[in-house]
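Colleague: Sequence:
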Amino acid sequence: MKLGTLVQHCFSEKIGIVMKEVWHPLCGVTSSNQVFDVLWRDGSIGHNIWNYDLEVIDGSIKTRFS
Numbered sequence: 184m185k186l187g188t189l190v191q192h193c194f195s196e197k198i199g200i201v202m203k204e205v206w207h208p209l210c211g212v213t214s215s216n217q218v219f220d221v222l223w224r225d226g227s228i229g230h231n232i233w234n235y236d237l238e239v240i241d242g243s244i245k246t247r248f249s
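If you're matching positions, the sequence shown starts at 184 in the numbering used here and goes up one per residue.
Simulated from the structure, these hints should not be mistaken for laboratory data.
Errors might be hidden in some of the hints.
[Said to hold, decoys possible] Computed spacing ranges between beta-carbons, pair by pair:
| id | residue 1 | residue 2 | range |
| --- | --- | --- | --- |
| 1 | 186 | 215 | 16 to 26 Å |
| 2 | 241 | 208 | 13 to 23 Å |
| 3 | 227 | 204 | 10 to 20 Å |
| 4 | 188 | 226 | 14 to 24 Å |
Heads up, the beta-carbon is just placed ideally off N, CA and C, and yes, glycines get one too.
Turn these sequences into a full structure, and let the hints guide you.
Modeller: Shown next as structure tokens:
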């Protein structure tokens, strides 16, 4: 994932945009996990969201809003 990626939280219906990757001490140097700050569409900011809690939204996926 990178800046601007459209994502959905896997445990809720929150949809947002990745704002930045942040450093987290539990990631370590050799970890393949990433931690992000996400701007949710309701205007709130999610801090320290782990990559395995996010799903990338592909433009071809139909949502209930289309």
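Colleague: The structure should be examined with respect to each hint, and the outcome stated for every one.
Modeller: Verification of the hints:
no.	hint	verdict
1	186 / 215: 16 to 26 Å	holds, 19 Å
2	241 / 208: 13 to 23 Å	violated, 32 Å
3	227 / 204: 10 to 20 Å	holds, 19 Å
4	188 / 226: 14 to 24 Å	holds, 18 Å
In this structure, the one hint that does not hold is number 2.
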